[in-house]
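Protein chains in written order, with the working numbering: chain A, 1 to 141; chain B, 142 to 360; chain C, 361 to 689.
Don't read these hints as lab results, they were simulated from the structure.
It is possible that part of the hints are untrue.
Have a look at the derived ranges for each label pair, beta carbon to beta carbon [unchecked claim]:
1. A:Y126 with C:Q575: 52 to 62 Å
2. A:P66 with C:E587: 49 to 59 Å
3. B:R182 with C:P559: 35 to 45 Å
Every residue gets a Cβ at the ideal spot worked out from N, C-alpha and C, and that includes glycine.
Below are the chains, spelled out letter by letter.
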Amino acid sequence: MTDAFDHVDQLCAWLARTDIGLLELKSPSQTLRLLHEGTAVAVQTVDGAEAIRQQPPALIVRASAPGAFLCRHPLRERATIATGEEFHAGDPLGFLQVGPLLLPVLAPLAGTVTDVLARHGTIVGYGAPLFALQPGIDKEP
Amino acid sequence: MISERPRISLLGTTALLFDAPGETTLETQCRIWALANEMGRLPGVQEAVPGMNNLMITFVEPPRRLHEIQDRLVELWTSVEPLPVQGRCFDLSVTYGGEGGPHMADVVTHTGMSVDEIVAIHSAPIYTVYALGSHPGYCYLGGMDLRIATPRRQIPVLRIPCGAVSIGGDQTGVSASEGPSGWNTIGSTDVVFFDVARTPPALFRPGDRVRFKVERVVR
Amino acid sequence: MIEVLSAGALATVQDLGRTGSLNLGVGWSGAMDPLALAAGNILLRNDENAAGIEIPVFPFRVRFARSTVFAVTGADCAPRLDDRPILPWWAQCAEAGQVLSLAVPKKANWQASRAYLCIAGGIDVPLVLGSRSTQLRGAFGGHQGRPLHEGDVVPIPGPGRQARSGFGLIPPGLVLPFEADGVPAVRVLPAAEYECFTPASHDALWSTPWKITPQSNRYGYRLAGSELKPVRPLELRSHGIVPGVIQVPHGGQPIIQMRDAQPSGGYPKIGTVVEADLWRLGQAPIGSHVRFVRCSWDQALDALAETRRWVANARRLVELHCSHGGSDD
Numbered sequence: 001m002t003d004a005f006d007h008v009d010q011l012c013a014w015l016a017r018t019d020i021g022l023l024e025l026k027s028p029s030q031t032l033r034l035l036h037e038g039t040a041v042a043v044q045t046v047d048g049a050e051a052i053r054q055q056p057p058a059l060i061v062r063a064s065a066p067g068a069f070l071c072r073h074p075l076r077e078r079a080t081i082a083t084g085e086e087f088h089a090g091d092p093l094g095f096l097q098v099g100p101l102l103l104p105v106l107a108p109l110a111g112t113v114t115d116v117l118a119r120h121g122t123i124v125g126y127g128a129p130l131f132a133l134q135p136g137i138d139k140e141p
Numbered sequence: 142m143i144s145e146r147p148r149i150s151l152l153g154t155t156a157l158l159f160d161a162p163g164e165t166t167l168e169t170q171c172r173i174w175a176l177a178n179e180m181g182r183l184p185g186v187q188e189a190v191p192g193m194n195n196l197m198i199t200f201v202e203p204p205r206r207l208h209e210i211q212d213r214l215v216e217l218w219t220s221v222e223p224l225p226v227q228g229r230c231f232d233l234s235v236t237y238g239g240e241g242g243p244h245m246a247d248v249v250t251h252t253g254m255s256v257d258e259i260v261a262i263h264s265a266p267i268y269t270v271y272a273l274g275s276h277p278g279y280c281y282l283g284g285m286d287l288r289i290a291t292p293r294r295q296i297p298v299l300r301i302p303c304g305a306v307s308i309g310g311d312q313t314g315v316s317a318s319e320g321p322s323g324w325n326t327i328g329s330t331d332v333v334f335f336d337v338a339r340t341p342p343a344l345f346r347p348g349d350r351v352r353f354k355v356e357r358v359v360r
Numbered sequence: 361m362i363e364v365l366s367a368g369a370l371a372t373v374q375d376l377g378r379t380g381s382l383n384l385g386v387g388w389s390g391a392m393d394p395l396a397l398a399a400g401n402i403l404l405r406n407d408e409n410a411a412g413i414e415i416p417v418f419p420f421r422v423r424f425a426r427s428t429v430f431a432v433t434g435a436d437c438a439p440r441l442d443d444r445p446i447l448p449w450w451a452q453c454a455e456a457g458q459v460l461s462l463a464v465p466k467k468a469n470w471q472a473s474r475a476y477l478c479i480a481g482g483i484d485v486p487l488v489l490g491s492r493s494t495q496l497r498g499a500f501g502g503h504q505g506r507p508l509h510e511g512d513v514v515p516i517p518g519p520g521r522q523a524r525s526g527f528g529l530i531p532p533g534l535v536l537p538f539e540a541d542g543v544p545a546v547r548v549l550p551a552a553e554y555e556c557f558t559p560a561s562h563d564a565l566w567s568t569p570w571k572i573t574p575q576s577n578r579y580g581y582r583l584a585g586s587e588l589k590p591v592r593p594l595e596l597r598s599h600g601i602v603p604g605v606i607q608v609p610h611g612g613q614p615i616i617q618m619r620d621a622q623p624s625g626g627y628p629k630i631g632t633v634v635e636a637d638l639w640r641l642g643q644a645p646i647g648s649h650v651r652f653v654r655c656s657w658d659q660a661l662d663a664l665a666e667t668r669r670w671v672a673n674a675r676r677l678v679e680l681h682c683s684h685g686g687s688d689d
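Could you build the full structure based on these sequences and the hints that come with them?
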């Protein structure tokens, strides 16, 4: 273990205070991955360089405007998308309500939802994290 | 319902209804026409629509202060000069009774008169077009002899054809298109009352006069 | 153009109504839910009064001849573009040849029965007496003066519009609820013959639910409930009436005059549903119940102002969104 990995706790605390989603520290033999999800920071150690290629970094989708976050359309009973579900680039994952206006929260790329970060009906500010996504291979829609 | 004074009532927030006092007369109708002309000029009034001795005023926007327009109505009613009856005269050929007059029997029952008497009484007067309403081109006629007055039907009929000559209460009129009616149909005519391609689209105007000519009586 | 592939009864082209021809005996017609039509038009940056298609009976299917931006408002009828579910109350882009299918509305958190298909630029039928609404009785206006059926080709404007797609509106039915004892309600102002009815009739009018019978349509809603009795029989002279007037014919069961009602009549009137609440009635399904709530003139105007505010706000936010390079699918 090199010196860079000695201060993991400190790195986690610092990361938690930023809006950075992922911090990776690589050494020839190992990678330390700090994943910032919501208020938590998960620590992963990955042995060897290969494992990194199998798991691309997670992505956070954020609110493009202040408003009420809705995980489903007001006329629908089920959430637009659930954790673990796959989606294509451009699919709506949820909605932002601004008065009577309804804006989609669109997936920037194809992948899988790993976490829904805001609660249905809560007011969120500009840039608030809404979804954590695992990018995947874009299959034909 | 005969009242001593004019009555103004609400039709929701969409319109006001002005009801003239006394019996239904042509003289009153001439004042209603004049009142309609004056009210129709006011900026807050979308349309002034005469009925039988009454006037409906539709709003551009319902005003917060209703009394202003109500006061104006009453004021104008007392001051306005009645419009003269000025119009053309039309003869309408009618086949009374038979298939085109399915409710003749009800009028016979209610009035106690024979078909021939009813036809004679209905076709005798020169009627004045008091107003248009009910459906495109339909005329409300004044001047019917009250001896053949018959109340509107308990249950309206779903489909009465175009040209149906009918009696409702103490009024008579001719359907300008097929549709439902609560009146008692005693005959039929072929005249075209409304053509949207024509200018003006309606054949008749308030002030025109109409006579029913007996073409045939089917007993 | 759009081609009608299948239509239930009484799908008609409507705008917000034909005003100014009551003196010819021509009633207003127009959308039964004017708020939904206006909202669809706002989504597409049309004039609020642009014509759309009112769909009361389902299923309904149309094919778009060319790429078109459209919106389906009113009742949530599970809209699909080809096989893909799309969102209601949403500005949506269709490619040439795509088919829009609307199904029977499911019972949702907001009861509604009529859907509105709005098109960028509006349905392009000729103006007749100043309006594109269908005048069914007179057989003019809208699409050839009649309801749509299979095979009809409905004209729409050419491309080059400012409409954008990929955003929506929250239906006002969800944010402007109005109920009495849990039953959808509408505000009513007493009419000229109100005082001629018995106290028991007054009680029944305000306190009991009224069922919208199957004999209800754009001309009028026939209601079932207690018998409303005048103190003595009334025979009135013919007079102007407007949508919302609650007539009581001899049988004692009220009929609410709706958008295609005759513009005049002679039956006694016990009350009139206020303009602000006509859209609610327009969406009430057959078989559902409605309550009448007595209101004052001021309350009626306040309710109207509330719907106007909703529309103005929707317009403002949609324009803001679109002019900031808003989303496109």
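For each hint, the structure was consulted:
1. A:Y126 with C:Q575: 52 to 62 Å: For Q575 (chain C) against Y126 (chain A), whose Cβ atoms are near 54 Å apart, the range 52 to 62 Å holds.
2. A:P66 with C:E587: 49 to 59 Å: With a Cβ separation near 55 Å, P66 (chain A) and E587 (chain C) satisfy 49 to 59 Å, so the hint holds.
3. B:R182 with C:P559: 35 to 45 Å: With Cβ atoms ~42 Å apart, the hint holds.
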